[in-house]
Amino acid sequence: MAHATTDTALAGSYGAAAAAAAKTPGYWGGVWRKLRRDPVTVVCMAVVLLIVLAAIFAPFVAPNDPYATSMTRRLKPIGTDGHLLGTDELGRDMLSRLIYGGRISLFTGLTPVFLATLIGGGLGLLAGYFGGLVNTAVMRTMDVFYAFPSVLLAVAISGALGAGLLNVLIALTVVFIPPICRIAESVTTQIRTEDYVDAARATGASTPRIIGTHILPNVLGPVFIYASSLISVSIVVASGLAFLGLGVSPPQADWGLMLNTLRQAIYIAPVNAVVPGVMIFITSMCFNMMSDGLRSAMDVKD
Amino acid sequence: MLFYVIRRLLYAVPITIGVTIVCFSLIHLAPGDPLSTVLPDNASPEVAAQIRAAYGFDKPLPIQYLVWLGNVAQGDFGVSVQSRRPVLGDVLPAVRNTMILAFAAVLLGFSFGILAGAVAGHVEGSLLDKAVTAFAITGVSVPHYWLGLVLVVVFAVNLGMLPAMGMGPGGQSGFTIDWAHLKHLILPAITLAVIPAGIIARSVRATVAEVRKREFVSALRAKGMPRPRIFLHVAKNAAPVVLAVSGLQFAQLLGGSILVEMVFSWPGTGFLMNSAIFTRDLPVLQGTILVLSLFFVLINLIVDVLQVVFDPRIKRA
Amino acid sequence: MHDTSQAATLPIADDTRDRGGPMQPLLIVEDLKKHFPIGGGFLRKAPSVVRAVDGVSFHVDKGRTLGIVGESGCGKSTTARLLTHLIPPDAGSIVFDGDPVGPYGGITVADLRKQMQMVFQDSYSSLNPRLPIVDSIAFGPKAHGTPTRKARADAEELLGLVGLNPRQFARRYPHQLSGGQRQRVNIARALAMKPRLVVLDEAVSALDKSVEAQVLNLLARLKEQFSLTYIFISHDLNVVQYISDRVLVMYLGEVVEIGDVDDLYSAPSHPYTQALLSSRPSMDPARRRIAPPLTGDPPNPVNPPSGCRFRTRCPLAEPICAARAPELAALPDRPGQSVACHARGVGTGHSLSPAA
Numbered sequence: 001m002a003h004a005t006t007d008t009a010l011a012g013s014y015g016a017a018a019a020a021a022a023k024t025p026g027y028w029g030g031v032w033r034k035l036r037r038d039p040v041t042v043v044c045m046a047v048v049l050l051i052v053l054a055a056i057f058a059p060f061v062a063p064n065d066p067y068a069t070s071m072t073r074r075l076k077p078i079g080t081d082g083h084l085l086g087t088d089e090l091g092r093d094m095l096s097r098l099i100y101g102g103r104i105s106l107f108t109g110l111t112p113v114f115l116a117t118l119i120g121g122g123l124g125l126l127a128g129y130f131g132g133l134v135n136t137a138v139m140r141t142m143d144v145f146y147a148f149p150s151v152l153l154a155v156a157i158s159g160a161l162g163a164g165l166l167n168v169l170i171a172l173t174v175v176f177i178p179p180i181c182r183i184a185e186s187v188t189t190q191i192r193t194e195d196y197v198d199a200a201r202a203t204g205a206s207t208p209r210i211i212g213t214h215i216l217p218n219v220l221g222p223v224f225i226y227a228s229s230l231i232s233v234s235i236v237v238a239s240g241l242a243f244l245g246l247g248v249s250p251p252q253a254d255w256g257l258m259l260n261t262l263r264q265a266i267y268i269a270p271v272n273a274v275v276p277g278v279m280i281f282i283t284s285m286c287f288n289m290m291s292d293g294l295r296s297a298m299d300v301k302d
Numbered sequence: 001m002l003f004y005v006i007r008r009l010l011y012a013v014p015i016t017i018g019v020t021i022v023c024f025s026l027i028h029l030a031p032g033d034p035l036s037t038v039l040p041d042n043a044s045p046e047v048a049a050q051i052r053a054a055y056g057f058d059k060p061l062p063i064q065y066l067v068w069l070g071n072v073a074q075g076d077f078g079v080s081v082q083s084r085r086p087v088l089g090d091v092l093p094a095v096r097n098t099m100i101l102a103f104a105a106v107l108l109g110f111s112f113g114i115l116a117g118a119v120a121g122h123v124e125g126s127l128l129d130k131a132v133t134a135f136a137i138t139g140v141s142v143p144h145y146w147l148g149l150v151l152v153v154v155f156a157v158n159l160g161m162l163p164a165m166g167m168g169p170g171g172q173s174g175f176t177i178d179w180a181h182l183k184h185l186i187l188p189a190i191t192l193a194v195i196p197a198g199i200i201a202r203s204v205r206a207t208v209a210e211v212r213k214r215e216f217v218s219a220l221r222a223k224g225m226p227r228p229r230i231f232l233h234v235a236k237n238a239a240p241v242v243l244a245v246s247g248l249q250f251a252q253l254l255g256g257s258i259l260v261e262m263v264f265s266w267p268g269t270g271f272l273m274n275s276a277i278f279t280r281d282l283p284v285l286q287g288t289i290l291v292l293s294l295f296f297v298l299i300n301l302i303v304d305v306l307q308v309v310f311d312p313r314i315k316r317a
Numbered sequence: 001m002h003d004t005s006q007a008a009t010l011p012i013a014d015d016t017r018d019r020g021g022p023m024q025p026l027l028i029v030e031d032l033k034k035h036f037p038i039g040g041g042f043l044r045k046a047p048s049v050v051r052a053v054d055g056v057s058f059h060v061d062k063g064r065t066l067g068i069v070g071e072s073g074c075g076k077s078t079t080a081r082l083l084t085h086l087i088p089p090d091a092g093s094i095v096f097d098g099d100p101v102g103p104y105g106g107i108t109v110a111d112l113r114k115q116m117q118m119v120f121q122d123s124y125s126s127l128n129p130r131l132p133i134v135d136s137i138a139f140g141p142k143a144h145g146t147p148t149r150k151a152r153a154d155a156e157e158l159l160g161l162v163g164l165n166p167r168q169f170a171r172r173y174p175h176q177l178s179g180g181q182r183q184r185v186n187i188a189r190a191l192a193m194k195p196r197l198v199v200l201d202e203a204v205s206a207l208d209k210s211v212e213a214q215v216l217n218l219l220a221r222l223k224e225q226f227s228l229t230y231i232f233i234s235h236d237l238n239v240v241q242y243i244s245d246r247v248l249v250m251y252l253g254e255v256v257e258i259g260d261v262d263d264l265y266s267a268p269s270h271p272y273t274q275a276l277l278s279s280r281p282s283m284d285p286a287r288r289r290i291a292p293p294l295t296g297d298p299p300n301p302v303n304p305p306s307g308c309r310f311r312t313r314c315p316l317a318e319p320i321c322a323a324r325a326p327e328l329a330a331l332p333d334r335p336g337q338s339v340a341c342h343a344r345g346v347g348t349g350h351s352l353s354p355a356a
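Chains as they are written, first to last, in our numbering: chain A, 1 to 302; chain B, 1 to 317; chain C, 1 to 356.
Some hints could be false.
Stated by the list, open to error - Stretch-level coverage of chain C by chain A, calculated; a stretch enters the list once three of its residues show a Cβ under 8 Å from a Cβ in chain A:
#1 80-88
#2 113-119
#3 136-148
#4 239-245
To be verified - Per label pair, the in silico range of CB-to-CB distance:
#5 A/THR207 to C/SER57: 53 to 61 Å
#6 A/THR207 to C/GLN168: 31 to 39 Å
#7 A/SER70 to B/LEU92: 45 to 53 Å
Rather than coming from a laboratory, the hints here were simulated on the basis of the structure.
Heads up, the beta-carbon is just placed ideally off N, CA and C, and yes, glycines get one too.
Taking the hints into account, I'd like the entire structure generated from these sequences.
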């Protein structure tokens, strides 16, 4: 049985519909448009972009060699000729080290959230969609990891594994999986009961196709919002682990580690000692406000 | 309600077991043979095997776990590799010191957070509200260990008003309530209080603003109830949310204090863990984490039960 | 809106999927059951069951419309979902055009779903908010291997058929449509699977009266055009009367009465059906009712009353009604109408039971 064409004008309408498709940007397009109109978010995006670009192109941007020590030029104050942000306890250029430090600090901040979103989001999706035993097994395991204060768990895991970049990434990923998993699970459980999922099941479509078309796109939003709010936390905690000496080892440049090594100079050059923290603060703050902007941009439907 | 409380209590059992499994696994996560930390460098293979058997490291993991759990249940957390003293003897004073710091921070952070949040929620959209919101977002974004350093620079280095290190005069670690000791508490407590103050201010503000928009508040206003009494009604309805957020924050403080204790050389669990990590004193690390996370489970349990008392509608699984 | 009135009508004989011939009912449902356990689990109260659907049997003839009515909570919607196997039934058989549905011979659930589609009550919740409506409609055919371009083109054609100009609407998202428009999309989505049976679960109940009438007319037109068979579930007695050929009345998970629409509406037999029908507001002030025909809420389906489930609210209740559950049986004088009531059955022991 074929549906009869009812209106000859329809035959020519597909091209027009395609043109309309280009005009209607879809959900994510709408979110992006709204984000662009939010001045706070735009400023934060610009700042983060600046820091990220500086980190990526550090060799071209940094005014000095971040590893070049100088016994004679130690702890020079901010504004010293040739060292815009002064020098550290070994006479290395602070600005250059901060630019290079962004590479590791951003990497250790962003990677765990990304990995945890993949793993935790995936687990939560499966637990929510299949329910029953799968759900119980996944979610009760998450509950156990939830039973640790997050910073404690991060310190415990990376402390037990020993200092090192990889171990910090592992520790933070483990810390962020349970909360993301919970969000993904509860959103999936709720969406699973929506009639459009039943309607999709009633067409006899395969489970992966239903998850891909109907569940995943609707779970992504809330999970993204939540994950984006974790980036700020991740940057602060990752730098905190580095501050404890659990991250990369000297002479590598990392904001948290710089804060650690400069501590001994806090009575001699207090301003220099706190400067790396300013970078952590600014980055974390910008990600936090971008997350807030994203939240309100995704909240409104129109 | 009693039924719920009992169920919630029983639910804590598998969680606690899970927590002990994770803590037990920590030692086995560590790279290398756990034996290497206790073994003298020049030990012969026979001695090594003897010690291995003495520590039970030759048995399968589940057996090791059960033996370890049995010891823990009797208060035997093992022996510190560094000090050769029982772990619990090191951990308990540290926990006490962390608790002192955490309670001080709770007092500061909660009172400020709740007050600021409630006021901001009541004057939603005003300049004051914006100021509180700005504070809240700063509070949740700031790396608190760095804030601690800044406070040290300002109040200890520049102004010389407050001490920067330790718990009391002369590096002692006892605590009495007098100015000499409180002086040491002020900076770390403020530092530790900033994050929970921010988070609590944020959620109290949102909750109060939301409750105020509910229809029952309009109805109270319409019947001419005076503002202070309306505020009481709003507060009562916002209380369960505030309680839940606050409880969680208090629990998180136990972990968050690690970094602050490092900054201020506060002789608490964070300090202990840090030295344990760098001397590879795994029994101490394990013992500290276990005690702290058991506290965490306990606090969450209390908060959940209290919530039911405050709001009988809550019946979560 | 689009003019679709000159649309071609496909005669039923063209349908190669017709296996049983015109006399074979399209759907036969026998003793369908679904009991939901509630509570239970670790340290909870002993599990009890909600008998949401408890032994429902009926059949639907080809090209006809079966209306299902009843109060909310009587199991109408559960029945709908059991038919499409969105909820697996606990017991009972479904025979589609002569083929039993199930693993042993006959057709599979997947085959059944290709021929049976559903339209849900909540027009918003039944459309994916992240998909343009044309993609929601095209989803089913695409899942069954229709190329994307073709599926989209068909979907746009269907939009036209349900009265939405595809040029204007195809790329819109559900929240950009009104309730009536969304329900048209849902109907188009169901038709995209080229079904033979469409289950409409309160499909017009959430719409404004004027919109409801338009959608009902649309449904009637589509039924003609595509030789569809409908199961129309609603709590609205007037709507059911308007659209149905036969009507089934449910109470607490059971069928209490079934019959041709005109017979059932003019001469309801079961006390519950009578009460339902007399509860409709009358247009005539002289016939205004003072006393409510039905008081109280339906009993808890967890522990339904013994015997006849309606007896707790029934004006005709007698001891026999508590002792034994009445069987659904054809009325002696009207073989097309069946009722489950001791007062109407022959030789039941009820004082009103007619003589044989």
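Which of the listed hints are broken here? 4 and 5
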